[in-house]
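Residue numbers (my numbering), protein chains in the order written: chain U, 1 to 286; chain Y, 1 to 286.
In short, the hints are calculated from the structure, not lab data.
Using N, Cα and C, we set each Cβ at its ideal position, and we do this for glycine too.
Treat the hints with care, since some could be wrong.
As the list claims (entries may be wrong) - Residues from chain Y shown here face chain U by an in silico Cβ test under 10 angstroms; the list is partial:
1. ILE106
2. ALA111
3. PHE117
What the hints assert, rightly or not - Over the 12 angstroms line for every Cβ pair with chain Y, so calculated as not near, a few chain U residues:
4. ALA10
5. LEU28
6. GLY39
7. HIS78
8. ASP85
9. LEU89
10. PRO94
11. ALA103
12. PRO162
13. LEU163
14. ASP213
15. LEU243
16. ALA251
17. ARG275
18. ARG284
Number of protein chains: 2
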Amino acid sequence: MQDRLGAAKAQVQAALDAAVGALPAGELRDAMGYACAGGKRIRAFLVMESARLHGVPDAAALPVAAAVEALHAYSLVHDDLPAMDNDDLRRGLPTVHVKWSQATAILAGDALQSLAFGLLADPAVGDAATRRLVAAFAQAVGGAGMVWGQALDIAAETAAAPLTLEQITELQGGKTGALIRFAAMAGPLIADADPAPLAAYADAVGLAFQIADDILDVTGNEDVTGKRVGKDMAAGKATFVSLLGLDGARAEAARLAAAADAALAPYGEAAGNLRHLARFVIERDT
Amino acid sequence: MQDRLGAAKAQVQAALDAAVGALPAGELRDAMGYACAGGKRIRAFLVMESARLHGVPDAAALPVAAAVEALHAYSLVHDDLPAMDNDDLRRGLPTVHVKWSQATAILAGDALQSLAFGLLADPAVGDAATRRLVAAFAQAVGGAGMVWGQALDIAAETAAAPLTLEQITELQGGKTGALIRFAAMAGPLIADADPAPLAAYADAVGLAFQIADDILDVTGNEDVTGKRVGKDMAAGKATFVSLLGLDGARAEAARLAAAADAALAPYGEAAGNLRHLARFVIERDT
Chain U
1 MQDRLGAAKA QVQAALDAAV GALPAGELRD AMGYACAGGK RIRAFLVMES
51 ARLHGVPDAA ALPVAAAVEA LHAYSLVHDD LPAMDNDDLR RGLPTVHVKW
101 SQATAILAGD ALQSLAFGLL ADPAVGDAAT RRLVAAFAQA VGGAGMVWGQ
151 ALDIAAETAA APLTLEQITE LQGGKTGALI RFAAMAGPLI ADADPAPLAA
201 YADAVGLAFQ IADDILDVTG NEDVTGKRVG KDMAAGKATF VSLLGLDGAR
251 AEAARLAAAA DAALAPYGEA AGNLRHLARF VIERDT
Chain Y
1 MQDRLGAAKA QVQAALDAAV GALPAGELRD AMGYACAGGK RIRAFLVMES
51 ARLHGVPDAA ALPVAAAVEA LHAYSLVHDD LPAMDNDDLR RGLPTVHVKW
101 SQATAILAGD ALQSLAFGLL ADPAVGDAAT RRLVAAFAQA VGGAGMVWGQ
151 ALDIAAETAA APLTLEQITE LQGGKTGALI RFAAMAGPLI ADADPAPLAA
201 YADAVGLAFQ IADDILDVTG NEDVTGKRVG KDMAAGKATF VSLLGLDGAR
251 AEAARLAAAA DAALAPYGEA AGNLRHLARF VIERDT
């Protein structure tokens, strides 16, 4: 799996560099490129693997993988803003509003979202596939997806009571789950096949991913994760760890990794990389 | 023209209300609906008229008109933020970050951009048309279009010297011109026809529109325009009025209205509504 993850990483970085590099030079473009550098590229890998499972050529999958990572980059830039999570460190570097300004961070995020949708319209993707992808992407991102989850998260900060397990599961299903789900469904969406098995896989992996994040917020090393740790804890935020305990959270992540594995049954041996990913997600240290 | 503008206004408001109404209830959805209410709907009208000139049925044009207005609404919400233009009044009402919060304004803008792209994927538009529209829309909005123009505008505020006429024309070509150009080109884009005449029309109308805005900033009545006037003047910002004088700006707007008229020659009598619009844009008082 690491070979393929590395390959997806390099391909997607080249695609993002080309897309950003085609824009007029200036601070906005610099900030967009900065925000698109690095990252684990798990979402891109999901797109490439799900495409491969459905016989979709790399040339059609790559713009979609780049779109998902550009969208993810926008969401991080906006989430880090002072009015949102107020983070000064991301991937071990100053966040965009710290390095440039809040205005540049807002605009770079906005332009990265446009760029992401534009990538879905790459001629290699095909007309019908582009239409299906754009509709699903808008759903995954907007007022019923990622942005909705982030709004719930912001609201929770000033809520009278900490969130329940049900509420936090719903919130994370939007905030981090929706885009992971889209990435995993990209292959069947392009190929016009049934996306249900990969959607079920992604829902389990997405939640496991978030639980692992909460565990890292408690046990992680800032030098390794490249972002502030202990933040949620200090803020008294409800997390999977605060609700389930550290051992309970680890057990739930393991249970979800097994559920993700089971969801891949229709693909048999061919889904080996996605099986590895589900384990990687809960065992990572960054 | 007023009849058709009124009809487009009602149709587009209904389409936006339906799209926003389909989202999960909450503050985010409320803020999105609030941001989508009102406005002159000139961009929607451009889409509907350009579609009509190319024999595109209303059912295919309407989602595109709604997309353009949702996108315009997002841009206003983000432009009004304290880190950007810091406006507290819009269409005679408190801006989104004043009524709710900066976080909600950032998120509502983000979700409106997603909503806009999603509307372009309406099945009534058609697969190939959706792909052409998404590509052109991303170009009009992102790091080479509207967002780029806004970034130039923000940079100009802290620049050592006021902008030249050439620079301000380039800036406005992005900030307000790019979306107006997209709206006017929507018909040929859907119909896969030559967009050049409507692009030339839109470039002239878009610039005339901005010059009229600058004139209103000097001569306008806050009660009528529904937004703060005299702001640019007070900030010492270069505008078409500061660069050309009031009479010079009026003459340039009139010259551009005539150029817009001339660009419509290939459409003959059928383009009567677009001819009226070009005059309306420079004669408006809001």
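Results of checking the hints against the structure:
1. ILE106: With Cβ-Cβ at 6 angstroms, under 10 angstroms, it holds.
2. ALA111: OK, holds: ALA111(Y) within 10 angstroms of chain U, min 4 angstroms.
3. PHE117: Hint on PHE117(Y): holds, closest Cβ of chain U at ~4 angstroms, below 10 angstroms.
4. ALA10: 23 angstroms, holds
5. LEU28: 4 angstroms, violated
6. GLY39: Check passes; 19 angstroms lies beyond 12 angstroms.
7. HIS78: Given a closest Cβ separation of 6 angstroms, the condition is violated.
8. ASP85: 9 angstroms, violated
9. LEU89: 20 angstroms, holds
10. PRO94: About 17 angstroms separates PRO94(U) from the closest Cβ of chain Y, which puts it past 12 angstroms; holds.
11. ALA103: Violated, since 5 angstroms does not exceed 12 angstroms.
12. PRO162: 19 angstroms, holds
13. LEU163: 14 angstroms, holds
14. ASP213: 20 angstroms, holds
15. LEU243: 22 angstroms, holds
16. ALA251: Given that every Cβ of chain Y is farther than 12 angstroms from that of ALA251(U), nearest at about 30 angstroms, it holds.
17. ARG275: 31 angstroms, holds
18. ARG284: 27 angstroms, holds
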